[in-house]
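> The chain contents come next:
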Amino acid sequence: MSGIASILNTDLLVATIRLSTPITLAAIGATICERSGIVNIAMEGIMIIGAFFAAVAALYTGNPWIGLLAGVAAGGIFSLIHAVATITFHLDHVVSGAVMNILSFGIVRYLMVMIFGHPGTSDAIPVGLKAYQFAIPGLSKIPVLGPVFFDQTPIVYMSFVLVILTLIFLKKTKTGLHLRAAGEHPLALETIGVSVYKMRYLGVFISGLLSGLAGAYLSIENSISFTEGMANGRGFIALAAMISGGWSAIGSFVAALFFGFADAFQVRMQVFKVLNIPSEIFIIFPYVATVLAVAGLVRKSRPPKADGIDFIIEKEGA
Amino acid sequence: MGAKKEKRVVLETRHVKKQFPKVLANDDINMVLYEGEILSLLGENGAGKSTLMNVLYGLYKPTSGEILLEGEQVEFSSPKDAIRQGLGMVHQHFMLVDNLTVTENIILGSEPGKYDFIDYKTARKEVVSISEKYHLHVDPDEVIENLSVGVQQRVEILKALYRKARILILDEPTAVLTPQEVDELFEVVGRLREDGVSIIIITHKLEEVKAISDRVYILKRGKIVGERETSQVTKEDLANLMVGREVVLTVHKDEKEVSGEPILQLEDVVVKNQKGINALDGISLDVRPGEIVGIAGVDGNGQSELEEALVGLLKLESGRILYKGEDIAVLDTKQRRGKGVASVPADRQKFGLVLPMKVSENMVLGFHDEKPFVKGINLALDTIKTHSERLVEEYDIRTPGVEVPAGNLSGGNQQKVILARELSSDPDFLLVAQPTRGLDVGAIEYIHSQILKMREKNVGILLISLELEEIFSLSDRILVLYEGKIVKEFLPENTSDKEVGFYMTGGKKTAEDRA
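Going down the list, the sequences are from chains A and B. Residue numbers for the first sequence, in our numbering: 135 to 452. Residue numbers for the second sequence, in our numbering: 195 to 709.
Don't read these hints as lab results, they were simulated from the structure. Model, not experiment: these values are computed from the prediction. Among the hints, a few may not be true.
Stated by the list, open to error - One-sided and incomplete, this derived list gives chain A residues near chain B with beta-carbon spacing under 7 Å:
#  : residue
1  : I236
2  : L237
3  : T307
4  : K308
5  : E318
6  : G327
7  : K332
8  : S357
9  : S359
10 : T361
Stated by the list, open to error - In silico DSS-like links for lysine-lysine, alpha-carbon gap of 27 Å or less:
#  : chain 1 : residue 1 : chain 2 : residue 2
11 : A       : K305      : B       : K679
12 : B       : K274      : A       : K332
13 : B       : K308      : A       : K332
14 : B       : K274      : B       : K255
15 : B       : K679      : B       : K469
Cβ atoms here follow ideal geometry from the backbone N, Cα and C, with glycine treated the same way.
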């Protein structure tokens, strides 16, 4: 057992945070989206779009911050397809989400070939956001917690702040209250004069921005180029994090940390070969963890009542 | 018309018309509402009452016509406009978000606070102050789903008052209340009138019109067919105006000696619901042939579990269901039906019918794999068709044919399809749950007469209903179901709706008394 103990160190926790960041961002976005009543299974696709445009913009401007903005914006704009389809045209949310995911593969493959002349991996960006890693003076000196939470890269810090902002948004603001009402009892909201459609558009859009940011993290902070398939199921794991986190910001964050940990652990088990079993087995670990977490926790968490339920105001021939 | 006092008109509609793609829901509606009056809008289902109110409330745009508020023409493009002009509406299905608190629900859409932040302290204070002003007591911090229906309705009224409503529209306000809660509501409405609030009550219940309103409009097929001062009209007159023909309001039930062995007995039946709580907590009852046993109770006290346990959709935790002396709890639904157990489910659209399927197919559902409806491995379509046509005739089902989807029929006719199917199977025991929910007077009259006919044929009948009136007019015995237990048994002639209502709420004092 000394083998396993050798990888249980601060590094494992730092990696946990880094691996959980994209999951956290997509999961809190999905939380906002689903609290407004729109089911979102398109995080994977939005992430890919965000990652791609972040890398392209960072590459051509040479500025990763512009890349970040481009990734966020691309995610937001792409997500509007889902909003228009489900809210305005009343398409089934899961169908639209599936289409979004497939569409993102297609768009990215097409643009890869157009821009770089080949599918696969893009050219490397001159400077990534990792270069902007900074330790917060004082706080980063705290043993264990310091390096884990206070010596990180920009989007990781942003994700911490965004979790808190999401929490405040949902709990303390008027818009947050309206958005929650739209996902629980849309007609109740409409009958007191607040547009359900607006709230749902907002929910989808915010989740698009956050998934876009998650994508940017993958391509220009955690890496220095875009690779097709680099989201690698994280959008779906984010979905699982949101569900096992009970459709709440904090819950999603904690669940994302758990999945991040599973991933970090897996990588270390593989790389350091601490146990005498085929290392490939550990690749499946985060996914099994996902299945177990969802299966174990989903019964206890309650989705918004009108989640996934279409809203049409004027009934024909009522 | 009666003496029109020197009263100010607060709301008026002129030639309001609402055309839906297929239906003319409102046709040339002219009505006035005076300040501080309680006005009833009486009509059957589909008469266009709710459409009219939704037009007034800005949810629907009228096809043509004018709405005048305090003499000035107004146009509401959304409920927000209507609210701003002092209209408030309490919908039949409450517009409350279950997992939010009373305060959050009341302030929703009009929250106090700077920028986008909600000032919960001020909000709570305001809610408390209006609730004290109008004597509508609620706990501002309680979550809606923990409140009884009566209290939820109070929250709805507060929601309108918080928005400074001067005109309050109540849509079928007593539909879900116990008799005690109805009394409380009437008191509240009376107090609001004293405060100068003008009130419109939409209803199809004649008692309600007589009990509280000053004036009544009768709506039929989208048109106003009459206006009366309530003090000068009888219930019978109102019913005739509403339906357009003579209606028998009281059910004529012949005296009948019930004897013999019970056809159905429940012995200490315990059933758990999905949450693992005992929804039925040791129920024992018996039904004898030719007897109607009525189960009275507030919704959610085990009615649906009782229904599902009887037809075989829910497993018993313990106890026995004896049918003709045999324990049928071990049998599945089909086997039970084969032995002569029929049921009219409470949720007719979910359990009673397959809406997209033809009327004829629905007519044989459950018997479709038995003779004479099968020929070899095929359905005997001709037999099914003639059988269905005969039932359509016999049960007076209004349908363009037996080949149309059951979903195209009106609620009343859908219920008749179920009734036709279940009764034509010649049952010995019949479970009837909520047989007349949402139906109009004409259909109710018919369905009650059919249930009584089965009683004449010596069928044992268990009636589960939330409508106390129905329980009283049909039952030979009344059992009160409260929190999964039978808490009291009555003979209808020896009790009153007040007394039964008292036990329906667990014999507890109402919230109003406590306050």
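> Classify the hint on K308(A) as holds or violated, based on whether any CB of chain B lies nearer than 7 Å to its CB.
holds (5 Å)
> Does K274(B) pair with K255(B) here, judged by a C-alpha cut-off of 27 Å?
holds (13 Å)
> Taking 7 Å as the limit, does the beta-carbon of K332(A) come near enough to a beta-carbon in chain B?
Nearest chain B Cβ about 12 Å off; hint violated.
> Restraint: E318(A) near chain B, CB-CB cut 7 Å. Satisfied or not?
holds (5 Å)
> Going by Cβ atoms only, is G327(A) closer than 7 Å to chain B?
Result: holds, 3 Å to nearest chain B Cβ.
> Given T307(A) as an interface hint, is the shortest Cβ-Cβ distance to chain B below 7 Å?
Holds: closest Cβ of chain B sits about 4 Å from T307(A), inside 7 Å.
> Tell me if the interface restraint on I236(A) is satisfied: Cβ within less than 7 Å of some Cβ in chain B.
Violated: closest Cβ of chain B sits about 30 Å from I236(A), beyond 7 Å.
> Restraint: S359(A) near chain B, CB-CB cut 7 Å. Satisfied or not?
With a minimum Cβ separation of about 39 Å from chain B (threshold 7 Å), the hint on S359(A) is violated.
> May I ask you to test the interface hint for T361(A) with respect to chain B, counting a Cβ-Cβ separation under 7 Å as satisfied?
Since the shortest Cβ distance to chain B is 40 Å, the answer is violated.
> CA of K679(B) to CA of K469(B), is that 27 Å or under?
holds (18 Å)
> Quickly compare the C-alpha distance for K274(B) and K332(A) to 27 Å and report which way the hint goes.
holds (15 Å)
> Against the 27 Å threshold, does the CA-CA distance of K308(B) and K332(A) hold or violate the hint?
Roughly 21 Å between the alpha carbons, so the hint for K308(B) and K332(A) holds.
Of the numbered hints given earlier, the model fails hints 1, 2, 7, 8, 9, 10, 11; all others are met.
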